[in-house]
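Student: Residue numbers (numbering that gives the first Met the number 0), protein chains in the order written: chain A, 0 to 140; chain B, 0 to 399; chain C, 0 to 175.
No lab work stands behind these hints, which were simulated from the structure alone. Predicted model, so just to flag it, every value in this text is computed and none were measured. Note that beta-carbon positions come from the ideal geometry of N, C-alpha and C, so glycine has one too. The reader is advised that the hints may include incorrect statements.
Okay, the calculated bits of chain B under chain C, using three or more residues with CB under 8 angstroms as the criterion [to be verified]: (1) 45-59; (2) 190-203; (3) 325-336.
Within a straight-line C-alpha distance of at most 30 angstroms, the following computed DSSO-like cross-link-like pairs (lysine-lysine) qualify [said to hold, decoys possible]: (4) Lys399/B / Lys335/B; (5) Lys71/B / Lys123/C; (6) Lys117/A / Lys272/B.
Chain residues, written in single-letter form:
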Amino acid sequence: MSKVCIVMLLVMSSGVAYSQQINPARALYNYQMSCQGCHGPEGQGGGGVPRMQGFVGLFLNTAQGRDFLVQVPGSANSALGNSELAEVLNWMIEQFGGSSNPPGLQPYTAREVGILRKSPLNEVNAYRASVLANITKGAAY
Amino acid sequence: MHRKHHILFRSAFASLVVALSFSITTDAHGSDSELPPIPIETTGKVKTLPSPYPDSWFWAFDVAFGHMLDGKMTLIDAAASTTRSQIKGMFNVSLVGAVVEATTRNEIYAFETFYSRGNRGVRTDVVTIYSKTTLAPLAEIVWPIPKRYQGMPERYALQLIDDEKLLLAYNFTPASSVTVIDLESRKILNEVAIPGCTLIYPTGKRGFSSLCSNGGMLSTELSPEGQIVQQTRMDAFFDTDANPAFERPAVIDGVAYYPGFESYVHIIDLRGKVARYVDSWDMLSASERKENWRPGGIGLIDKDDMGRFYILMHPDGHDGTQNEGGSEVWVYDAKKQKRMARIALRSWAVTLGVGKGKNPLLMVTSGDMALEVYDAASGAYLRTIEDAGQETPLMIFGVK
Amino acid sequence: MKLFDQFVEQRSRKIAQASSRRGVLKRLGSFMAGAAAFPVLPVARAANADTTSADKVPSESGDPASCDYWRYCAIDGYLCDCCGGSYNACPPGTEMSPITWIGTCLNPVDGRSYVISYNDCCGKTSCGSCLCMRDEGDRPLYRVDKANDLNWCLGTESSVYHCSTAIVVGLAYEDS
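Build the full structure now, drawing on both the sequences and the hints.
Tutor: In structure tokens form, the structure reads like this:
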């Protein structure tokens with residue numbers, strides 16, 4: 000019982016902390032300027048561009064998936080600074096993740112993003128598929 | 000319209016003359032019926048072209064901005080002074096395509112898109128291989144999934160590497176990739192992803208580099224079978240927001256000279272397996288910098304065979320003037336990092352191309368889309384190609 | 000007096016520069032020729048100075064069929080406003096590209112910068128009316144998010160380019 004409470008508390012508190020770290024106006028602007036052109040105003044993707052709406056949160060089920068969202072070229076090579084990139088990622092997850100988001104979201108930090116984006120992905124499509132396969136495998140257990 | 004009137008007038012005049020001269024025995028036309036008749040000609044003749052093309056020939060690439068399904072490459076002798084001797088032939092390039100000419104093969108490649116119903120229907124992306132001597136298609140390489148880059152003409156959207164054994168073509172969906180084609184078998188070998196990067200700058204023996212969104216480069220080394228040997232990222236050498244570089248370099252002996260919006264040249268060595276940043280240098284003197292001379296245009300830069308590059312420049316430049324062209328062509332010795340000449344153009348130009356050989360010609364597309372020819376060494380204006388049948392020749396290539 | 004002369008000289012140089020730029024597009028499209036001369040006048044729905052803020056309505060000024068219209072600061076193509084569409088809608092029978100590039104332009108009426116989405120309309124050949132090329136903030140192809148040199152008819156049934164829109168999708172964020 001108490002264990003459940005602690006978990007719930009953790010989820011709630013991290014949820015609060017999560018939102019507090021985002022300046023929504025700035026995050027929206029950076030999303031629009033750097034991401035929306037391809038991913039669309041609602042993160043819906045289309046025309047070969049991956050959908051984030053109701054999907055992006057899936058990646059947060061594994062460490063590999065979490066890293067992937069920073070290492071994809073759109074993130075890693077973007078013109079945004081580390082803290083702006085971390086903020087926009089956190090905002091996108093909150094905004095578009097919906098039911099795909101796992102509980103207990105941990106926001107990306109500028110430091111984490113700064114390290115990860117130094118190793119951007121090259122063969123992104125195959126890697127993305129393997130990341131998702133690993134996540135589905137995990138869910139099967 | 001004018002010609003029609005002329006013909007009408009002439010035939011009316013001729014009838015009148017015939018009528019008047021009917022009673023007289025001599026022919027008022029001054030024609031001589033004693034002459035032998037013109038030999039009978041055969042139908043069905045089609046001309047062919049010399050190989051190699053003479054140094055004074057150029058390709059003008061009309062992307063047909065107002066009707067993009069009908070782009071065309073016209074082969075022009077810029078040293079000739081009449082239309083009939085200037086125009087050598089043409090071939091079509093559909094939907095803002097890309098082209099590259101081989102040196103060692105009798106082939107020129109066009110990267111095109113077709114729809115089964117013209118502007119709609121089923122899309123087919125294809126590299127069409129044309130013969131340089133007949134300008135007829137020799138073969139087609141069809142994309143399994145259409146995804147080629149469509150946009151303003153880029154010299155580095157279609158490139159040859161590995162002694163012209165492999166052809167590389169740039170795709171954009173907006174995911175970026177490069178399709179590798181074996182020109183012996185005329186088959187697609189591979190598609191290489193170049194995420195976050197763009198275009199194809201031949202690198203080393205069998206590789207290419209691409210410019211990336213962070214101002215760095217990604218170098219891809221390929222095997223003879225078109226597979227990736229390695230992909231290596233190079234750190235940013237310019238700021239894509241604050242001080243961007245043009246994606247249009249002059250490449251001289253394997254070294255790329257990328258002009259910047261603000262008139263700095265970035266030197267990238269492409270001779271090794273991986274692109275290597277060498278240095279940057281200022282194109283301007285202090286007084287020119289005060290006048291804010293900047294490069295601008297579409298085909299804004301080209302090189303000659305003597306190690307010089309030619310670049311369109313305009314004064315009073317600012318963010319927003321980078322595509323506008325220039326009033327002058329500035330000529331630099333790339334190795335010495337020294338300007339050799341300033342050529343004041345007769346009219347504002349948006350694109351230039353330099354011919355081959357020791358005494359190259361310089362052809363520019365002026366603001367009103369005319370093709371003007373200059374002597375590259377002296378900068379002297381020679382002629383305007385008056386009737387090339389080109390509406391928007393936004394790219395010019397000296398022949399290879 | 001001298002100052003005035005200098006001002007006039009500067010202005011005329013600017014105009015000369017502008018006209019030669021327009022010369023660039025003479026054959027590509029004659030539209031630009033009148034663009035710079037079009038006065039930027041507040042439209043009728045502009046708020047009066049003496050109305051209360053509650054009565055004030057959002058306002059923009061100028062002619063959306065003119066290349067110097069504020070939203071077009073980084074456009075490159077035919078204005079859909081002259082093609083049977085409008086600055087934020089495609090002409091009949093065309094399809095708006097879901098994939099595009101995005102920039103910011105300053106609305107001179109309220110002094111705010113807005114985020115503009117330059118969606119292309121696709122599926123018919125070039126509209127051919129009102130060619131407009133302004134490249135403020137335009138970047139080469141390596142900055143796909145800021146590049147107007149490529150055909151943005153992506154993710155549409157047909158990639159044949161017809162015209163361009165300029166849709167206000169947000170307010171630019173400014174650090175205060």
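Student: Would you check chain C against the stretch 190-203 of chain B, counting CB to CB pairs closer than 8 angstroms, and say if three or more residues qualify?
Tutor: holds (count 3)
Student: Tell me if the straight-line CA distance from lysine 71/B to lysine 123/C falls inside 30 angstroms.
Tutor: holds (19 angstroms)
Student: Check the hint pairing lysine 117/A with lysine 272/B against an upper bound of 30 angstroms on the C-alpha distance.
Tutor: Given that 30 angstroms is the threshold and the Cα spacing comes to 21 angstroms, the pair holds.
Student: With a cut-off of 30 angstroms on the C-alpha distance, tell me whether lysine 399/B and lysine 335/B pass.
Tutor: Judged against 30 angstroms, a Cα distance of about 25 angstroms means the pair holds.
Student: Apply the coverage criterion to the stretch 45-59 of chain B and chain C: a residue qualifies when its Cβ sits closer than 8 angstroms to a Cβ of the chain, and three qualifying residues are needed.
Tutor: violated (count 0)
Student: Per the coverage rule (Cβ-Cβ under 8 angstroms, at least three residues), is the stretch 325-336 of chain B covered by chain C?
Tutor: This one is violated; 1 residues, fewer than the three required, reach chain C with a Cβ under 8 angstroms.
Comparing the model with each numbered hint stated earlier shows that hints 1, 3 do not hold.
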